[in-house]
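I would like the entire structure built from these sequences, with the hints used as guidance.
Line by line, the protein sequences give chains A and B.
Each residue of the first sequence is one higher than the one before, counting from 1 in the working numbering.
Each residue of the second sequence is one higher than the one before, counting from 1 in the working numbering.
Just so you know, these hints were derived from the structure itself, not from any lab.
A few of these clues could be false.
[Claimed, not checked] Here are the simulated DSS-like cross-link-like pairs (lysine-lysine), alpha carbons at most 27 Å apart as the crow flies:
1. B/LYS52 x A/LYS138
2. A/LYS138 x A/LYS49
3. A/LYS104 x A/LYS49
4. A/LYS45 x B/LYS51
5. B/LYS51 x B/LYS37
6. A/LYS141 x B/LYS52
7. B/LYS62 x B/LYS115
8. A/LYS141 x B/LYS115
9. A/LYS46 x A/LYS75
10. A/LYS29 x B/LYS62
11. B/LYS37 x A/LYS191
12. B/LYS152 x A/LYS138
13. A/LYS104 x A/LYS75
14. B/LYS37 x B/LYS14
15. A/LYS144 x A/LYS134
16. B/LYS116 x B/LYS142
17. A/LYS49 x B/LYS211
18. B/LYS14 x A/LYS49
19. A/LYS191 x A/LYS170
20. B/LYS159 x B/LYS211
21. A/LYS46 x B/LYS116
22. A/LYS191 x B/LYS51
23. A/LYS191 x A/LYS46
24. A/LYS27 x A/LYS58
25. B/LYS62 x A/LYS58
26. A/LYS45 x B/LYS159
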Amino acid sequence: MEINPVYTGSSANLSENLGVSEALINKAKLGNQAAFTEIYNLYFKKIYKFIYFRVSHKEVAEDLAEDVFVKAYGKISSVNQTRSFESWLYQIARNAVIDYYRGKKQDIPLDEMENVLEYESNIVAEVELQDRQKTFLKLLKELKPDQQLVIKMKFLENLENSEIAAILHKNEGAIRVIQHRAIARLQELLKQQTNE
Amino acid sequence: MNNEAENLNAALEKMRRGVPLDEILAAFPDAQRQNLKPQMELAAEVLSMPKKEIPEPSMRRKYLLAPARAAQFSWLRLSRYAWLSYSMAIIVCALAGTGYAASRSLPGDPLFSVKKTAESLQVKLASNPDDKANLQMELAQKRFSDAEKILKNPYSNPKQEKAALTELITQTQTAIEQANAAAHSNPVSEKTHPLVASLENINVQQQNLIKEAKLGLNAGTDTQSALAAVKENANKVAEIKRYISVASNEQFPAALDANASTTEVSGVIGKISANEIVINGTSFALSSSTVITGPQNNVIEISSLKTGVTANITTGQTQGGRTIALRITILDMANIGRKGEVKGTSTADVLKTPESTASSSSPEDIGNANSDTSTPETLTDPNTAVGAYILEDPAPQAAIK
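Quick look at the structure:
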């Protein structure tokens, strides 16, 4: 079978995702439902997880994730080959989350919404944090937005660098650098706090 | 910087896979290990923070329905103007659906009035009297078809049968009135003769249909009054035919016998019926081509004639031993009293009982006192009749000398 169910690409452009993955996407673009099913199987849980972390509701996350794939199915033929397919998929998911909050009359900027951690909106979860973790949470808010996002996605959402890169429209090297800077900055902030 | 970032990342990936921190750090040279150790300890603390448990999602694969749904609900994305168009389309479809149902309705059905409204609109849109008359004729034929379905249906009820007959006869009267208007508008129109022939035909068909029909409990009353109305309609058609004949200067005698000589006789009308006129004790047969005029050559309807009026009759044709009046000229219009016109019969009068019909202004009032309304006379099929519209065979008369 020509279709490889494994998406071997990273966050890089499709042109960089050589081989079967590009062929898989191309087949899906031509209306091959089996190919799209492979894509769905590969990405659904990732997209669901991404959305779940932002809406904190299983059924809502499931519905929004399904809607993401319905939209993707309808528009896959228009995907630009030079763009990351994964990035495109996450962008649809981000828009779905934004639309969800707009529907709830909660017009929150995406960066702010994505940087709201579970512990800030869930008082029970916050109570359960240790003092050190609470400190860490406080210092995390002092990082740059992209650093906050990378730390959140990598350490709390357990996303792969490739996924973070796709979501933030960056390459994996940039994510590794942001990650390093974020850790180094947190280290400085902790040291400052300890000295105080 | 990039190397430090790459080292940290490699170490973090191992930590995420569950590799102990000491083992991770041991893999790096001392210099790098010194930098990595505090970073990895911090990372371990962050990673140890309580995390949301992610419930396992159900995978419904809604996209599999996407093509059908996209087509089905694509209109949901339309603009307000498109919505308006679609609303209009829905209304039109609903009306069309009603129109379709109405078009199949029969007299007595709830939607029949809708059908009639549409038909009347169609007639109103006709541009000239000829077209209007032909449309009314078509509608009369439709009513005949409707009545045929109902009367031949053993499950029809008397109410439907009565409605069917009322609609049939009323529409035929309307067609006759329109034909009369068309004839007066343009007597020489090519469309008028076929129209009159159609009217004659439908009268014969109606008579046959009514006689064959079994009309349930009210059969006697409805049948007889309907037949009387049909006969009246037939007489009105005959009058139109005469009018056309006069107005277009048709020479009926020439058609029958070009060499026949004409004779005139004047006197007081002693008796008048649909097929006979008696002057000075002499009987003359009337045909559909008999022309009746006033002194100014204005056309008079036969129904306007009455006994005691002075008239001049031009004869010149015999048929079956009978002398036919070719032209009747009324000499004293003052005794006519009213202008001869083709009169319609109201719907309410159509289905009267034989008794009430006999006492009303029916064709028998023309002068045929012996006419029996309980057994209406058989109409001659215009397709087989020879020119004249003769309701009964009058007694042979002596030739006019």
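Against the structure, the hints:
Distance hint between B/LYS52 and A/LYS138 is fulfilled; the C-alpha atoms sit about 19 Å from each other, no more than 27 Å. For the suggested pair A/LYS138 and A/LYS49, the alpha carbons sit about 25 Å apart, so the restraint of at most 27 Å is met. Taken as a hint, the A/LYS104 and A/LYS49 pair is honoured in the structure, with Cα atoms around 21 Å apart against an allowance of 27 Å. Taken as a hint, the A/LYS45 and B/LYS51 pair is honoured in the structure, with Cα atoms around 17 Å apart against an allowance of 27 Å.
For the suggested pair B/LYS51 and B/LYS37, the alpha carbons sit about 24 Å apart, so the restraint of at most 27 Å is met. For the given pair, A/LYS141 sits about 19 Å from B/LYS52 by alpha-carbon distance, which is consistent with the 27 Å threshold. Pair hint B/LYS62 plus B/LYS115 does not hold up; C-alpha atoms about 47 Å apart against a cutoff of 27 Å. In summary, the hint linking A/LYS141 to B/LYS115 is not supported, as the alpha carbons are separated by about 76 Å, beyond the 27 Å threshold.
Distance check on the hinted pair: A/LYS46 and A/LYS75 sit about 20 Å apart at the alpha-carbon level, within 27 Å; holds. Of the supplied pair hints, the one linking A/LYS29 and B/LYS62 holds, its CA atoms being roughly 18 Å apart against a limit of 27 Å. Distance hint between B/LYS37 and A/LYS191 is fulfilled; the C-alpha atoms sit about 15 Å from each other, no more than 27 Å. Taking the CA atoms of B/LYS152 and A/LYS138, the gap is about 94 Å. The hint is violated against a cut of 27 Å.
A C-alpha spacing of about 26 Å is found between A/LYS104 and A/LYS75, which places the hinted pair at or below 27 Å, so the restraint holds. For the proposed pair B/LYS37 and B/LYS14, the alpha carbon gap of about 14 Å is at most 27 Å, so the pair holds. Restraint check for A/LYS144 and A/LYS134: satisfied, since their Cα atoms lie roughly 18 Å apart, inside the 27 Å limit. The straight-line distance between the Cα atoms of B/LYS116 and B/LYS142 is roughly 11 Å, inside the 27 Å bound, and the hint therefore holds.
As the CA atoms of A/LYS49 and B/LYS211 are separated by approximately 85 Å, the hinted pair breaks the 27 Å bound. With a C-alpha separation of about 22 Å, the suggested pairing of B/LYS14 with A/LYS49 holds against the 27 Å cut-off. A distance of roughly 30 Å separates the Cα atoms of A/LYS191 and A/LYS170; the hinted pair therefore is violated under the 27 Å criterion. For the proposed pair B/LYS159 and B/LYS211, the alpha carbon gap of about 18 Å is at most 27 Å, so the pair holds.
Annotation: proposed proximity of A/LYS46 to B/LYS116 is violated, straight-line Cα distance about 66 Å (limit 27 Å). Restraint check for A/LYS191 and B/LYS51: the C-alpha separation of about 25 Å stays at or below 27 Å, so the hint holds. Using a Cα cut-off of 27 Å, the hinted pair A/LYS191 and A/LYS46 is violated, with the two alpha carbons roughly 36 Å apart. Proximity of A/LYS27 to A/LYS58 is assessed by CA-CA distance (about 31 Å); at most 27 Å being required, the pair is judged violated.
Between the alpha carbons of B/LYS62 and A/LYS58 the distance comes to roughly 16 Å, so the proposed pair stays at or under 27 Å and holds. The hinted pair formed by A/LYS45 and B/LYS159 fails the criterion: a straight-line CA distance of about 71 Å is larger than 27 Å.
Hint violations for this structure: numbers 7, 8, 12, 17, 19, 21, 23, 24 and 26, all remaining hints satisfied.
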